[in-house]
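Whenever a hint applies, use it, and build me the whole structure from the sequences.
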Amino acid sequence: MRLVVIGLLAGLFSALFGVGGGIVVVPLLILLAHFDERPAMATSLAAIGLIALVGAVSYGFHGELKPGAAAVVGLPAAVGAVGGTWLQQRLTSRTLSLAFAALLAAIAVWLLV
Amino acid sequence: MWALLLAGLIGLVAGVLAGLFGVGGGILFVPTLTLVLGLTQIHAEASSLLAILPTAAAGAWRQRRYGNVRWRPALILGLSAIIGVEAGVQIAEALPEHALRRLFGVLMLAVAVQLAWRTLRKPPYPS
Chain P
3 MRLVVIGLLA GLFSALFGVG GGIVVVPLLI LLAHFDERPA MATSLAAIGL
53 IALVGAVSYG FHGELKPGAA AVVGLPAAVG AVGGTWLQQR LTSRTLSLAF
103 AALLAAIAVW LLV
Chain Z
492 MWALLLAGLI GLVAGVLAGL FGVGGGILFV PTLTLVLGLT QIHAEASSLL
542 AILPTAAAGA WRQRRYGNVR WRPALILGLS AIIGVEAGVQ IAEALPEHAL
592 RRLFGVLMLA VAVQLAWRTL RKPPYPS
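If you're matching them up, the sequences are chains P and Z in order.
Using this note's numbering, you'd call the opening residue of the first sequence number 3 and step up by one each time.
Using this note's numbering, you'd call the opening residue of the second sequence number 492 and step up by one each time.
Just so you know, these hints were derived from the structure itself, not from any lab.
Check the hints yourself; a few may be wrong.
Pairwise CB distance ranges, derived in the manner of DEER restraints [stated by the list, open to error]:
| # | chain 1 | residue 1 | chain 2 | residue 2 | range |
| --- | --- | --- | --- | --- | --- |
| 1 | Z | Arg609 | P | Ala73 | 36 to 42 Å |
| 2 | P | Val6 | Z | Thr531 | 29 to 35 Å |
| 3 | Z | Leu526 | P | Leu34 | 32 to 38 Å |
| 4 | P | Gly70 | Z | Gln605 | 39 to 45 Å |
Note that CB positions come from ideal geometry on N, CA and C, so glycine has one too.
Right under this line is the structure:
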């Protein structure tokens with residue numbers, strides 16, 4: 003049930019700002035569903051894949067996708083993601099949690115100003 | 492040419508953050524697509540979702556090997572998010588955008604403080 007609420011909130015955030023919703027899913031999995039940092043972040047990525055797939059297909063029907071531009075940022079990002087997950091296995095949960103809190107605070111400030 | 496290189500470089504950084512923290516990277520993709528590659532906001536938001544696909548797939552593939560992915564929760568999250576997306580589109584049309592930004596900004600700040608507080612309160616090296 004908690005997972006459904008987290009998913010709904012992530013979808014809401016995702017629709018409003020055109021992002022995948024991981025910024026919502028990760029902290030709520032940790033705080034509400036009592037996931038550890040690494041499983042929360044890994045599970046979030048898998049869920050985001052599904053959300054982005056459905057979102058991209060529905061935008062695709064409206065003809066709003068620019069596949070070339072998406073590839074320019076998305077393909078290097080896939081390489082980066084492999085490096086990021088590699089790095090994640092080498093950091094403590096505590097470091098990850100605090101760094102993630104800093105990222106959230108930075109995004110909050112960006113949303114507020 | 493420089494714009495493409497810059498966009499690719501930001502994409503790489505966004506991917507590292509995506510893999511490191513389990514987010515999709517969309518928060519960096521959207522401004523890159525509009526400001527560097529000159530897409531309109533709607534095209535950028537749509538194409539950002541397309542760019543998230545290889546990013547999330549590569550990250551989840553690695554995380555599966557590390558044994559961190561919980562597939563059932565991921566499926567439940569993903570499916571309920573799709574309903575949330577529909578609701579979000581309705582709300583976005585009814586409410587002014589700056590009100591939403593502020594609301595989410597305050598919520599995220601609260602979550603960041605809660606997360607940092609919870610982490611700092613725990614002993615650094617649990618037995």
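Hint by hint, here is what the structure shows:
1. Z/Arg609 to P/Ala73: 36 to 42 Å: Hint holds: Cβ distance 39 Å, inside 36 to 42 Å.
2. P/Val6 to Z/Thr531: 29 to 35 Å: This hint holds: roughly 34 Å between Cβ atoms.
3. Z/Leu526 to P/Leu34: 32 to 38 Å: About 35 Å separates the Cβ atoms of leucine 526 of chain Z and leucine 34 of chain P, which means 32 to 38 Å holds.
4. P/Gly70 to Z/Gln605: 39 to 45 Å: At roughly 41 Å between Cβ atoms, glutamine 605 of chain Z and glycine 70 of chain P fall inside 39 to 45 Å, so the hint holds.
Every hint, counting from the list given before, is met by this structure.
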